[in-house]
Amino acid sequence: MNITRNFTLEELLRSATASRLGIENTPTVSVLGNLTQLCKRILQPLREAYGKPIIVTSGYRSSELNKAIGGAKNSQHMRGQAADIKGSQPSNGSICQENRRLFDLIRQLNLPYDQLIDEKNYSWIHVSFSDKPRKQVLHL
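For the sequence shown, the positions run 17 to 156 when this note's numbering is used.
Some hints here could point you the wrong way.
Here are the simulated lysine-lysine pairs, DSS-like style, with alpha carbons at most 25 angstroms apart [to be verified]:
{"hint": "1", "residue 1": "68", "residue 2": "102"}
{"hint": "2", "residue 1": "148", "residue 2": "68"}
{"hint": "3", "residue 1": "151", "residue 2": "136"}
{"hint": "4", "residue 1": "89", "residue 2": "68"}
{"hint": "5", "residue 1": "102", "residue 2": "83"}
{"hint": "6", "residue 1": "56", "residue 2": "68"}
{"hint": "7", "residue 1": "56", "residue 2": "102"}
{"hint": "8", "residue 1": "136", "residue 2": "89"}
{"hint": "9", "residue 1": "151", "residue 2": "89"}
{"hint": "10", "residue 1": "148", "residue 2": "89"}
{"hint": "11", "residue 1": "151", "residue 2": "56"}
{"hint": "12", "residue 1": "83", "residue 2": "136"}
{"hint": "13", "residue 1": "151", "residue 2": "102"}
{"hint": "14", "residue 1": "148", "residue 2": "56"}
{"hint": "15", "residue 1": "136", "residue 2": "102"}
Calculated from the structure, these hints are not laboratory results. Remember, predicted model here, so these are calculated numbers, not experimental data.
Given the sequences, and given the hints that come with them, work out the whole structure.
Structural data, given as structure tokens:
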């Protein structure tokens, strides 16, 4: 099911850990609303500016799944307000360079992010959305 032109509900729910451990990862109606806003307000505009596919490595996580992967106890992933993303694999260069490009684009586009986190020297990017975005930028 498409949420926006380039993002599907399935990719925002996909989890190898949930599949392997038999963990239910079905969102509630309010979580679906949050995922829709995340896609419409952050991911889709980013995809259009980036001009290439963006890979969602982690989207919604049920509380059980979040606990299984060692996620933060108050993770916005559990509310459908966050996604971990990567850029497209470049033909030359590194994925970290592509992820840095995504990180910089999010800021340049002035998207309404709540948190923008460079994880492990741009190994992936965490971006979240809320109704009152804090525009918090972190490098972990």
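When the hints from earlier in the document are held up against this structure, which numbers fail?
As far as the earlier hints go, 2, 4 are violated by this structure, in ascending order.
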